[in-house]
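Q: Sequence:
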Amino acid sequence: MAGGLLVRSVAADAVVVPGATWEVSALPETARRSAATSWGPLYRAGAVSAGLAVLLYGTALVLVVVTAAPPVSDGAKLLEYIDAHRTLYVVRQLLWLAPGIFLMVTFLALAVALRHQGRSFAVTAGLIAVASWALSLAVPTTGDGSLALVLLSDKYADATTAAGKAPFVAGAEVLIALNDVPAVLGFLQTLGVLLVSLLMLRGTFSKGFAWLGLATGVIGILSELFRPVLGWSYAIYGVLLFAWLAWAAFALWRVSPDSP
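The sequence shown begins at 813 in the numbering used here and counts up one residue at a time.
Calculated from the structure, these hints are not laboratory results. For clarity, every value in this text was computed on a predicted model and none was experimentally measured. One or more of the hints may lead you astray.
DSSO-like cross-link-like pairs, simulated, lysine-lysine; straight-line CA separation at most 30 Å [as the list claims (entries may be wrong)]: (1) Lys967 x Lys977; (2) Lys1019 x Lys889; (3) Lys967 x Lys889.
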């Protein structure tokens, strides 16, 4: 008898408060929307960061085209060039270095956006990509030179004898060589693009974005491997990377819950 009364009481409550059942079932969806909204600022920061990286890289390329190129095979001449074009040289190096800061944010945002397509894969791809761009800030060369050469140039200019200048010329020669050597860091950066793009094939972003990333990653790895002999052909990878980053800026902004 008590059991029957309890059943009828529960049933009556369900009738009196019909919204209670709907609210319980809606909680998971509400939680998902709340979680998506909470990541919105990161997605937008990633989008803006990708756009800034493209802008900085583009500016660096313009300077490369419209200004006299520094010597690439003679340490003494390079140090003299830097002494005569100090501001221009420093600006060029900073334009190649600074995007690494922004791309850490971009790849973190991409990894978070792709987490539902495979958490372990997203963590691995994000870790490789973010770490590679973070490490780029610690590497002494940029591919176009090195800020360390500015210090060597100052020391070279202060030296008054050939013997005093020799150590700084030798240091410049080492940095020139490092600029042309395929670096593990370059492979990691292209691998990060490749892994993130592979995950994109499962969803979240468009297939076109994913396939462009795959092409960029594969060509980037080959370009890093054969960089000493590619010459200007290496720029093909650069153009693909710029296009992919521009698409990343658009895609991350679109995936943000608060985007128009």
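Q: For every hint, state whether the structure bears it out.
A: Going down the list of hints, with the structure as the test:
no. : hint             : in the structure
1   : Lys967 x Lys977  : 8 Å, holds
2   : Lys1019 x Lys889 : 48 Å, violated
3   : Lys967 x Lys889  : 14 Å, holds
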